[in-house]
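> Please model the complete structure; the sequences and the hints are all you need to start from.
Heads up: the sequence shown begins at 34 in the numbering used here, then just goes up one per residue.
These are computed hints drawn from the structure, not numbers from a lab.
It should be emphasised that the depicted structure is a prediction, and the values quoted were computed from it without experimental measurement.
Wrong hints could be hidden among the right ones.
Label-pair distances were calculated between CB atoms; the ranges are [as the list claims (entries may be wrong)]: (1) Asp765 to Gln653: 36 to 46 Å; (2) Gln653 to Asn693: 21 to 31 Å; (3) Ser192 to Asn427: 30 to 40 Å; (4) Asn182 to Arg94: 45 to 55 Å; (5) Asp765 to Lys805: 34 to 44 Å; (6) Asn615 to Lys778: 44 to 54 Å; (7) Thr622 to Asn374: 58 to 68 Å; (8) Thr355 to Ser192: 26 to 36 Å; (9) Gln653 to Asp456: 31 to 41 Å.
DSSO-like, lysine-lysine: derived pairs with alpha carbons at most 30 Å apart [claimed, not checked]: (10) Lys43 to Lys536; (11) Lys179 to Lys248; (12) Lys233 to Lys43; (13) Lys179 to Lys157.
Where is the CB? At the ideal position from N, CA and C, for every residue including glycine.
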Amino acid sequence: MNKITVTTNKKASMSDFYGIFFEDINHAADGGLYGEMIRNRAFEFSPMDNPSYQALTAWKRIEEGGASVSSFVSNKSPFSKRNPNYLILEINKAGTRAGIKNLGYNSGIAVKENESYNFSCYAKSDKPCEITVSIDNAYGEVITEKLLNITSNEWTEYSFTLTSPVDDFSAVLAVTSKQECKFCLDFVSLFPVKTYKNRKNGMRNDIAEMLADLKPKFMRFPGGCLIHDGTLNSDDRNSMYRWKNTIGAVTDRPSRRNNWRYNQSLGLGYFEYFQFCEDIGAKPLPVLPAGYNPHMEQAVPLDEMQEWIDDALDLIEFANGTADTKWGKIRCDMGHTEPFNLEYLAVGNEEVGQGFWDRYDLFHKAIKEKYPQIKIINSAGPFPQGGEFERGWNNAKKNGSDLVDEHYYTSPEWMLANCHRYDNMPSDGPKVFLGEYASWGNTYYNALIEAAYMTGLENNAHAIGLVCYAPLLCNVDYINWQPDMIWFDNHRVYGSANYYVQKMFMNCTGNNLLDVKHDGFDKPITLGSDKISGNIEIEADRCSAEFYDIKITDITTGNVKTYDNLSFSNGGKAVIDSIDSNHYKVEFTAKRTAGDKGFRLFFGKSDDKNLIQWFIGGWQNQDTEVNAQVNGRGSCLDHNIFSVMTGQEYKLCLEVNGRNITTYINGKTANTAIDKQPVMEELYYTASSDDNNIYIKAVNVRDTEITSEICVEGVNGINANVTELSGNSLDDINDFDNPKKVSPKTSALTAVSNTFEYTFPPKSVTIFTIQK
34 MNKITVTTNK KASMSDFYGI FFEDINHAAD GGLYGEMIRN RAFEFSPMDN PSYQALTAWK
94 RIEEGGASVS SFVSNKSPFS KRNPNYLILE INKAGTRAGI KNLGYNSGIA VKENESYNFS
154 CYAKSDKPCE ITVSIDNAYG EVITEKLLNI TSNEWTEYSF TLTSPVDDFS AVLAVTSKQE
214 CKFCLDFVSL FPVKTYKNRK NGMRNDIAEM LADLKPKFMR FPGGCLIHDG TLNSDDRNSM
274 YRWKNTIGAV TDRPSRRNNW RYNQSLGLGY FEYFQFCEDI GAKPLPVLPA GYNPHMEQAV
334 PLDEMQEWID DALDLIEFAN GTADTKWGKI RCDMGHTEPF NLEYLAVGNE EVGQGFWDRY
394 DLFHKAIKEK YPQIKIINSA GPFPQGGEFE RGWNNAKKNG SDLVDEHYYT SPEWMLANCH
454 RYDNMPSDGP KVFLGEYASW GNTYYNALIE AAYMTGLENN AHAIGLVCYA PLLCNVDYIN
514 WQPDMIWFDN HRVYGSANYY VQKMFMNCTG NNLLDVKHDG FDKPITLGSD KISGNIEIEA
574 DRCSAEFYDI KITDITTGNV KTYDNLSFSN GGKAVIDSID SNHYKVEFTA KRTAGDKGFR
634 LFFGKSDDKN LIQWFIGGWQ NQDTEVNAQV NGRGSCLDHN IFSVMTGQEY KLCLEVNGRN
694 ITTYINGKTA NTAIDKQPVM EELYYTASSD DNNIYIKAVN VRDTEITSEI CVEGVNGINA
754 NVTELSGNSL DDINDFDNPK KVSPKTSALT AVSNTFEYTF PPKSVTIFTI QK
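Pasting the structure below:
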């Protein structure tokens, strides 16, 4: 029998280890966590946000019983110059019912029995006008209503509360009149009275509670690519995310294009973010753009960077400054006199390239000079290894960055192969901030393997400072990205299998990593083959291209085969051959004749979901990448900067030796990678403690149960809670019909001594919370 001994030796601090990352993707804010129930409340939707949008998106006229209504959007006499659009509604003929309605999000506006909702709007009319504001069901029947008299020709705010006598999840908000009249509307709003912590302009309660239940130590915000994908002018609708546009009155926050192809009201801005962090006990971790857009390849000139650096310094002052400072006073005037105690600040998100690091240097120097206590986070780019990843780490070491933000989305198999990724990292120098990570999927299998990987993260707390899964939230009717931790619609919310693993680990982290000794464990099992064999295919990727001088050399046998030239117009792919060898080369010359990307070489291909591919001129024609797919789920093995030029010849070479991969472009090494195979250990485990408890986490990924003897030093007996995920099929998922199909169960465990035996079920995640 194997034995695990948990010692009292504290190896590393874990005080802020796990947090959450909020990005407004998948309608995570508007139509999600942000409590506003009206979609397009200010008539500011635009085709720039999404080609299908226009100023009256989500609004429809009501014309019943012979009614005639004219509606159009104007900006000639706005209430807010920063959101100039407003609705002019003219009831030409009242009929039995005339006006306009808002359709809300998903199936409609969700109201609940005996729950109340705060309505508000800005309105004006040249003549007094009596209108009715109501919540209607999908058939046009009134659920609840109140009269509103518009009495001024100046913009005036009107507000009152509506209470629903029934549950209805497909309702609309209607604004109607029984008289012929003409009036203007803007900022039409409906909020639940019961927001999280009863905050004005607050958060949807059920989603907020799911986040609070995780007990995150920090909250990263607002992105993500969202922060840097935009223009350099803060007044542009499609500018980069500029925090100063997100504070103050919601009516003065300019509507913006979200890079995930929808609209952002910015109702959930930086003040609400800081306040929400405070409400759930999380430290804020804001991410600021660095004046560098890798998507559009735009950059602020270095001699014009002061505005952007000032934004960073001003944000710190807004969060922490006293009332006698400019930005501290603005915070106080918004109702929060105490500081938000900002400790962390990230500059950039996934940026690579010298253009970013030149600008990061300026931020780092200015922030450390004025606020030396702020922990600054640098960027290692969007992939777990490669030349730019290494350059990011080198820049962080040069500057003395406190942390380096690593991101990767991988197959579960990659995680099993890399559980010891950080074992040899030094404890001095910058620490890892794993700011975005996930395996591709929301099944129990994904959650199980993520749990195994997370034990490796915890065991390396000497080198890893912060960790957060991504993405966090997804509205089921507005999906941009999956998998996601939490799923919701307009009235329901559930946690994925991944959510419950995250919750288990985050609720039982402790403050210090403990040293764990082990004995008697079986040797880990390596899965898969020691060579990369299968089909070889060449593709013209979103371009027209010619391929010639194609040959494959089996270095093991010395056999050389040549192949006919290939030519593709507007993309195309061809199978070259299949090879079963431990050591071989694929060589060819490629030339792009038209198009905007480059080439792909597939190798080790057994089917369309299991292969390795070499991108030459990949993402936006900016890189050379080696990527392995297992069951259709990709993992980056190596990445470097490279662009393909039209009309230029490229001599390309791939060498495979065992599972070692090297690529060459014009004789120079482009990528060096190892396609590691999954390793299945007998048990994955870690231990930590705080003032009251010792936490032991164990993950069994095997098909068989495992019995271990566990010794806990420093206690006289065992009095513990056991939280366990087990008994699920690997492809089980949670959904609205069965929201807790994959969720843990809790039991008690006692022992008279400090040693006990425990049998870990197959495919299980177990956490012991042992009282000291």
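> What hints, given by number in increasing order, does this structure fail?
Violated hints: 3, 4, 11, 12; rest satisfied.
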